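Enquirer: Keeping their order, the protein sequence lines are chains A and B.
Position 41 of the first sequence, counted from 1, bears residue number 41 in my numbering, the numbering being contiguous throughout.
Position in the second sequence counted from 1, then plus 1000, gives you my numbering.
Keep in mind that the hints were calculated from the coordinates and are not lab data.
Everything numeric in this text was worked out from a predicted model, so none of it was measured.
It is possible that some hints are incorrect.
What the hints assert, rightly or not - Quick partial rundown of chain A residues pointing at chain B, CB under 10 Å, derived from the structure:
#1 Val-21
#2 Met-40
#3 Leu-43
#4 Pro-72
#5 Glu-109
#6 Ile-140
#7 Cys-235
#8 Val-251
As the list claims (entries may be wrong) - Quick list of in silico lysine-lysine cross-link-like pairs, DSS-like style, CA-CA up to 30 Å:
#9 B:Lys-1035 <-> A:Lys-9
#10 B:Lys-1153 <-> A:Lys-29
#11 B:Lys-1103 <-> B:Lys-1153
#12 B:Lys-1035 <-> B:Lys-1009
Don't be surprised by glycine CBs; every beta carbon is placed ideally from N, CA and C.
There are 2 protein chains.
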Amino acid sequence: MSNIHDVAKLANVSSMTVSRVINGKGYVKEQTRRKVVEAMKQLNYVPNGLARSLVRKKTHTLALIVPDIRNPFFTTVARGTEDMALKQDYRVVLCNSDENVKKEKHYVEMCLSIRVDGAIVVPASDASKQNIKLLTDFGIPFVLIDREIDGVKADIVRGDSIMGARQLVQHLIDAGHQHIAIITGNLSTSTSRDRLLGYQQVLAEAGLGFRPDYVKESSYSSALDPALIDELLACSPRPTAIFTANNFVAVQTIHFLRQRGLSVPEDCAIVTFDDYDPLSLPEPFLTAATQPAYNFGSLATQMLLEVIDGVPVPSPRKMILQPEVIIRKSSVTHTR
Amino acid sequence: MSNIHDVAKLANVSSMTVSRVINGKGYVKEQTRRKVVEAMKQLNYVPNGLARSLVRKKTHTLALIVPDIRNPFFTTVARGTEDMALKQDYRVVLCNSDENVKKEKHYVEMCLSIRVDGAIVVPASDASKQNIKLLTDFGIPFVLIDREIDGVKADIVRGDSIMGARQLVQHLIDAGHQHIAIITGNLSTSTSRDRLLGYQQVLAEAGLGFRPDYVKESSYSSALDPALIDELLACSPRPTAIFTANNFVAVQTIHFLRQRGLSVPEDCAIVTFDDYDPLSLPEPFLTAATQPAYNFGSLATQMLLEVIDGVPVPSPRKMILQPEVIIRKSSVTHTR
């Protein structure tokens, strides 16, 4: 492997000049710069930390595969991941699976192709199992975030969806609601199943019957089908509150309710998992079970880097972080 | 380069079985699966389209470097990029430069390290020039989005910041405002300079003097310094309207104004570049010059793929997309 001195020799300049060209600092004549770059190419010299990582057969690159990069929850996870990775001199490439197992597979194959040192995955669904297997087969260390996969034992950082759901639904019951509907995410994700379970548990404990027609399955990311709202509104009695799968579903639900002439929370209260945006204007509106998304990212990255560095750790490790419920206007009426 | 038949031969199974293992479809005994994977590793066989891309010395991977992945504007750019890329069988890795030229450099180096076929860059600032040079030096095709760099001739897709700024400020003047302040992004970005220019042009045309104390420089992404708001409020006369750099700055400005007991728009109107979120609750609030962010991404990707595919095109190509101003409550008072 050639070094900076080889480049200097071939280009017939000083090492200092090569260094200036690489770092883009200090004055270097354009003609000289070109000679240096030509020499770098000829010698296949890779500047900076890259050389070191190539020697160590490492790319110092991690992949973070999330289902929906538009969701503030996942962008916050990404920030946590990136901050922790950069502290330890790793870069993070973000991949957006779009809650789609096939697209996710493309990105897992890319992880192999570009030789990432490790991957952090929020699985699109239980069917992500085959993609996870690819990582295992090719010896790429990984940590899961947010969603468990049935039958896969792996390091994971996730929230407590059952607990969050229980608190949200209990809040609605305490406010006097007896007819509470739920719009879930795709039930092939563990978080959707857990949120439905928490909902069912609390209804049962309160002696309120479980009504299958109050349960609608949607998706965390795709457009909400307004027909689902119409079906809920056609139920008798009509639900007076809806527990939505996540922030995106909540916002769309409120939008469709308003289109149909209903007010939130007066005609229908809304509670949701995952905050929408605490700065949303003119003031935050949604009652939400918020999760420490940044910590999801930073803790998972720390766990992954330990594995990459060969630190002896028990396996698999499971880290469960508690949600915090914030009550806001979307579920509180003064007149009730 | 070994193919699926070599793998089948070494593993002593049929090609169909190898294909099943690769695609994760159909039943394969666990023991057989392991044999196949072992053979794939031994032969250094890379599944699927990857093999083809390696032959062509392509990774079929593009990099998209944006300054702030939390900003809905850039996540929408990312969606446009990804959709267009996937149509043509390319994957996109997202990199978050945090408006930081040094961090951006890390990601440009990564582009070299993992051998992306091309890069789409929203430059952190004019100082990104040195990073762009790295791409040029190593022959990686690229297209810029959103921000021009002084002295760099490159393909670009961007908005018309001067026009958007002109329309926003004209709207304020038409509504009777004479004391209009501006909080810009970092003036080392072309968009910030253009927005300031549009503001100055319209003030001059309306015969309203330009007051340097009405101009505050902030950043598109970092936390807004509340001292800037205090300085504006201490001006005499106090501004009755503020034109903010982007959605994030707008939201923080409104937050700080409210903390100081001022109402928007009654005490101070707000207009901004880039929409915050058309679904923000309980209803959209911000008067904004919105830009077709999705098209920024998809058009830039199309341009890049043409270059990668060797399509003969004039160079550099510049595509300028017009903003659309949407008037909402943040700038409209009934009593004025």
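Enquirer: So, for every hint listed, does it hold in this structure?
Expert: Results for each hint:
With a cut of 10 Å, the hint placing Val-21 (chain A) at the interface with chain B holds, because the nearest CB-to-CB distance is about 9 Å. For Met-40 (chain A), the suggested interface contact is upheld, since its CB lies about 8 Å from the closest CB of chain B, less than 10 Å. Checking Leu-43 (chain A) against chain B: minimum C-beta separation of about 13 Å lies over 10 Å; hint violated. Taking 10 Å as the C-beta contact cut-off toward chain B, the hint placing Pro-72 (chain A) at the interface holds, the least distance being around 7 Å.
Because the smallest distance between the Cβ of Glu-109 (chain A) and any Cβ of chain B comes to about 6 Å, under 10 Å, the interface hint for this residue holds. For Ile-140 (chain A), the interface hint is violated, since its Cβ never comes within 10 Å of a Cβ in chain B; the closest pair sits about 12 Å apart. Interface hint status for Cys-235 (chain A): violated, as the beta-carbon distance to the closest one in chain B is roughly 25 Å, over 10 Å. Interface hint at Val-251 (chain A): satisfied, since its Cβ lies 5 Å from the closest Cβ of chain B, which is below the 10 Å cut-off.
With a C-alpha separation of about 50 Å, the suggested pair Lys-1035 (chain B) and Lys-9 (chain A) falls outside the 30 Å cut-off, and the hint is violated. Between Lys-1153 (chain B) and Lys-29 (chain A) the CA atoms are separated by roughly 20 Å; this keeps the pair inside 30 Å, and the hint holds. A C-alpha spacing of about 23 Å is found between Lys-1103 (chain B) and Lys-1153 (chain B), which places the hinted pair at or below 30 Å, so the restraint holds. Between Lys-1035 (chain B) and Lys-1009 (chain B) the CA atoms are separated by roughly 11 Å; this keeps the pair inside 30 Å, and the hint holds.
Hints 3, 6, 7 and 9 from the list above are not met by this structure, while the remaining hints are.
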